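Numbering-wise, the numbering used here puts 1520 at position 127 of the sequence shown, and it's gapless, one number per residue.
Hints are computed from structural coordinates only; laboratory data are not their basis.
This structure is a prediction, so every number in the text was calculated from the model and none was measured.
Worth double-checking, as some hints may not be accurate.
Said to hold, decoys possible - Within a straight-line C-alpha distance of at most 30 Å, the following computed DSSO-like cross-link-like pairs (lysine-lysine) qualify:
no.: 1; residue 1: Lys1500; residue 2: Lys1425
no.: 2; residue 1: Lys1484; residue 2: Lys1500
no.: 3; residue 1: Lys1755; residue 2: Lys1655
no.: 4; residue 1: Lys1500; residue 2: Lys1755
no.: 5; residue 1: Lys1425; residue 2: Lys1655
no.: 6; residue 1: Lys1625; residue 2: Lys1500
Unchecked claim - Label-pair restraints from in silico Cβ distances:
no.: 7; residue 1: Glu1752; residue 2: Gly1502; range: 55 to 63 Å
no.: 8; residue 1: Glu1752; residue 2: Glu1577; range: 50 to 58 Å
no.: 9; residue 1: Tyr1441; residue 2: Asp1620; range: 38 to 46 Å
no.: 10; residue 1: Phe1587; residue 2: Ser1510; range: 36 to 44 Å
no.: 11; residue 1: Arg1423; residue 2: Arg1635; range: 14 to 22 Å
no.: 12; residue 1: Glu1752; residue 2: Ala1644; range: 21 to 29 Å
All C-beta atoms in this analysis are idealised placements derived from N, C-alpha and C, irrespective of residue type, glycine included.
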Amino acid sequence: MKNRAIDLLLIAAIAALAAAMFTPAAHAERVKDLASVSGVRGNQLVGYGLVIGLDGTGDQTSQAPFTVQSIKSMLARMGVSVPANVNPQLKNVAAVVVTAELPPFSKMGQTIDVTVSSIGNAASLRGGTLVMTPLRGVDGEVYGMAQGSLVVSGFGVKGSDGSKLSVNVPSSGRVPNGATVEREVPNNFTQQPFVVLNLHTPDFTTAARLAGGINTMLGTDTAQAMDAVSIKVAAPVNPNQRIAYLSVLEAIEVEPGDAAAKVIINSRTGSVVVGSRVRVTPAAVAHGSLSVTITERLDVSQPNPLGRGDTVVTPRTEISAGEDKARMFVFEAGVDLNQLVQAVNQVGAAPSDLVAILEALKEVGALRAELIVI
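With the hints as constraints, model all of the structure from the sequences given.
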């Protein structure tokens, strides 16, 4: 009883200290949004199974022999013997892969959602039912069992002449709460006298500010920045105290460091994203478009009706070139993002032109940013 009272007093003291000492910054973000607790993560599960009850849209078993093998194995486990020389030609069964994510601290008996995807040539899984499928982790152990009716958002129809219409992807679906957890994942959450917070985005400034904010609130040397990602924080070992302690840590607000100056170019879509910290040193830019048009045609030379000449096909090529007028604009020292966008818009540069200008500025050394093409 005395230990319980001490625990409650410690939790109340931490909460009061947080409310009294910490004042959030103007652009601060919660630790919960900036970092995650090391070791507290989900685990991927996967399994192989069968979906039955389809309306003739299952695998074509002549082209998917593994589906036939799976059906025979399933029936054999149920006491039904299928002769070896018999290959069932079923159109209402599909072989599928079942995937799921096991959330951290999942307990036996809890349910999770599963995603079911066809691996054969099934046209649609709409209306099907997933037969009991074991879900295994990377260690090969079974952590869940999945079964249930599929929810498929897409559908497809096919005509007798070969024409077909498909909306979304009918060969994939989900089973809400379709798997039951059968095994818990061990963790060392309460075995160490500290916790490690890992930033979602590596940044030395954010790591230093996060460690400083925790030390200001909870005392010197409580937190230590290990690198640009991890911050080691002293924490009580008692599970009850640790949970309350982490709830306080997650609520701390820290102003993250500014992102590095980057320009991201998507070579497939032509999208250009310029970071807020991008700067341009003094430079003069003139950008124009040169277009060359080549037209080829065939002229037919027809002789006089009374003459003795032959009809001749004569090729003719015409080449014309033109260049749009371009205005030169000057970037002054320390140009920021808004001025850069305004200058480019004044000359009417298209996204492809903007990419060419940014690449040229990078080559001349005037662009103070990292140019990344994805």
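Cross-check of the supplied hints:
no.	hint	result
1	Lys1500 / Lys1425	23 Å, holds
2	Lys1484 / Lys1500	38 Å, violated
3	Lys1755 / Lys1655	11 Å, holds
4	Lys1500 / Lys1755	54 Å, violated
5	Lys1425 / Lys1655	26 Å, holds
6	Lys1625 / Lys1500	28 Å, holds
7	Glu1752 / Gly1502: 55 to 63 Å	58 Å, holds
8	Glu1752 / Glu1577: 50 to 58 Å	53 Å, holds
9	Tyr1441 / Asp1620: 38 to 46 Å	40 Å, holds
10	Phe1587 / Ser1510: 36 to 44 Å	41 Å, holds
11	Arg1423 / Arg1635: 14 to 22 Å	19 Å, holds
12	Glu1752 / Ala1644: 21 to 29 Å	45 Å, violated
Figure legend: structure checked against the earlier numbered hints; hints not met, in rising order: 2, 4, 12.
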